[in-house]
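With the hints as a guide, bring both chains together as one complex.
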Amino acid sequence: MNSKSKVPCIPIEGSISYEDWLKGRRHRRELGELVAPGVIRRKSSSSDRRLKKLFNGERGLPFTPTEKL
Amino acid sequence: MDSEKIKSALADMTAEQDPTVKSLKMASLCSALWAERGVELVVVGGSAIEILTEGAYASGDLDLCHANKATLPVRERQEIMGLLGAKGGPRNWEVAGMFVDVLGPVESFAHTPFRRVQAPFGDVLVMKPEDLLVERVLVSVYPGENQTARDCVKKFIAVILGGDMAVNWDEVRRLANLPEYRNLPECEKLVKEIADELKVKSPLHPD
Chain A
1 MNSKSKVPCI PIEGSISYED WLKGRRHRRE LGELVAPGVI RRKSSSSDRR
51 LKKLFNGERG LPFTPTEKL
Chain B
70 MDSEKIKSAL ADMTAEQDPT VKSLKMASLC SALWAERGVE LVVVGGSAIE
120 ILTEGAYASG DLDLCHANKA TLPVRERQEI MGLLGAKGGP RNWEVAGMFV
170 DVLGPVESFA HTPFRRVQAP FGDVLVMKPE DLLVERVLVS VYPGENQTAR
220 DCVKKFIAVI LGGDMAVNWD EVRRLANLPE YRNLPECEKL VKEIADELKV
270 KSPLHPD
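Chains as they are written, first to last, in our numbering: chain A, 1 to 69; chain B, 70 to 276.
If you're looking for bench data, these hints aren't it; they were derived computationally from the structure.
The structure presented is a predicted model; accordingly, all values stated were derived computationally and were not measured.
Glycine included, C-beta positions come from ideal geometry on N, C-alpha and C.
Misleading hints may appear alongside valid ones.
Claimed, not checked - Once the Cα atoms are required to be at most 30 Å apart in a straight line, the calculated DSS-like pairs of lysine-lysine come out as:
hint : chain 1 : residue 1 : chain 2 : residue 2
1    : B       : Lys268    : A       : Lys68
2    : A       : Lys43     : B       : Lys258
3    : A       : Lys43     : B       : Lys156
4    : B       : Lys138    : B       : Lys156
5    : A       : Lys23     : B       : Lys261
Claimed, not checked - Here are some, though not all, of the chain B residues that point toward chain A, as calculated from beta-carbon distances under 8 Å:
hint : residue
6    : Gly124
7    : Gln187
8    : Gly191
9    : Thr217
10   : Val228
11   : Asn237
So that you can see chain B by itself, here it is in the shape it has in the complex (with noise of 0.2 Å):
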C-alpha cells in the first residue's frame, strides 16, 4: 500500500465519528498493512461482537491478534505502526483517535472459518462466532454473574437467531462440551431464553 493510500485513509479514519465504522476501517487498513508482512490478523473480543452485533458494547479500542504462525520482530511492528502515525507500542498503539491492541496468536476452539468483511481498505477477518458466544456465556456466569456479559451475549444469540449471522449449531454445541468450556446447559438455557423470547425455535433443543 503506498504512502498516498495510506495517508487518504488515515484521514478518512479521522473524521470517521461512528465507533464501528472507524473499528472495522481501522482493522481494514492495519490488516493490509501487517499481510504484506506475511501476517493474518483477525479482529477478537469486544470489537469483533460490535462488528457482528451492532450491540452497542465495544469501547474506543480495538483487539487484534495474528490469525496464522507469522511474527514479526518489535522492530517491524513499530515500522508498520508508524507509517500510520501511531503512537506507543509494542504491542498497543493510538492511531487516528482510538487505540489498537496487537495480543499475538488468536485462541480458537471452532472449526469453522473466521467471518470476513470487505472493508474499505482491504478484508478484515473477524472472530469465529462458535467460538464468542460459547466464551460470552461463559463469562456471563463465571467466575460470578456479569450482567453486561449477559446482555452482550442476548444480543449476540439474537442477531443470529434473528437471521443476520449465520453459525454452525453443532461447533458450538461441540465447544460448549470441550474441557476448555464445559458449559452446555448454560449455552442451551439461554439460546432457549432468547428464541422464547422472539418466538422462533431453539437450534440447541432439537425436538
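Here chain A stands alone, though its shape is the one from the complex (with noise of 0.2 Å):
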C-alpha cells in the first residue's frame, strides 16, 4: 500500500506545501477511517469547560465531513 498512495506525503526532511498537504487531507481521513470510527474526539477532558463555553457546549468546531475535505 506504501507505493500506491497517489496523495503528497508528509516527508520526513524538508516540508510540504499548503497546496499538497490539503490535497492529501481526504485521503488521510479515509486511510483512518478503514481501522477506526469516523470522529474520535474526547467526550470529555480537563479542558471542558472553556471549551463547552466557547462552542456552544461542544468540544470545538465540528469537522468537515471527509466528502467535502
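As C-alpha cells, this is what we get:
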C-alpha cells in the first residue's frame, strides 16, 4: 500500500506545501476510517469548561465531512 | 509581521470553520510572531495528530511548545498575543474563536526532525510522528485501556502505512525500547494489527 498512495506524503526531511497538505486531507481521513470510527474526539477533558463555553456545549468546531475535504 | 498582515490573518482565521485548517493557520501565525522574538514553536499533542492524520480527534484548542531553548518573559508573551487580540494568558489564550496553549519546552526523544508544513502565514513545525506514535500506544494501554487513544493511534498507523506520512521505523523501534516508554511489544502488536487490516507488511516485523 505504501507505494500506491496518490497523494503527497508528509516527508521526514524538508516540508510539505500548504496546497499538497490540503490535497492529502481526504485520503488521510479515509485511511484512518478504514481502521477506526469517523469522529473520535474525546468526550471530556480538563479543558471542558472553557471549550464548551466557547463552542456552544461542544468541545470544538464540527469536523468537515470526509466527502467535503 | 506588520499590523495590516496580522489583521488580515485574524479575519481569515476568525471566519475559518474547518477546525483543522483553523488550527494550522493559528499555529502558522503564532509561530511567525514568536519566531520574530527568537522562539521556535512546535505543534504538539492532539493538534499535531490532527494536522498529520485528519483523524477527527482534536478538540478546539491548539497546544504549542518551544522547539528551541529560547523563552520569553511573561510580559513579552502577553504583548505578542495581545497583537492577536487574545484574551487570558500567560500560558493559554482565547484567540479568534479557539484556544492556544503555549506549554514550555517540547518533550521529544526522536532524532528525526520535526515535520514542517508551509502554512499560509509561515512554516509550522509539527511534533515528530515517531514520538507521537510510541507515546500514543503507551497511553492506549497504560495506566489502563483507553479506547480513544487506541482509535487515535490506529488511524495514525493507517496513515503511515498508507504512505501519506513518512516515518523512520528504526527510530520508532529505538524509542519504544527506551526506559521512558518500554512498550515495543505493544507497538509491534498494534502496527501488525493495522498492517494486517490494510493487507500490507508490518515494518516492525521484518522477515
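| request: May I ask which of the numbered hints given earlier this structure violates, with the numbers listed in increasing order? | output: 8
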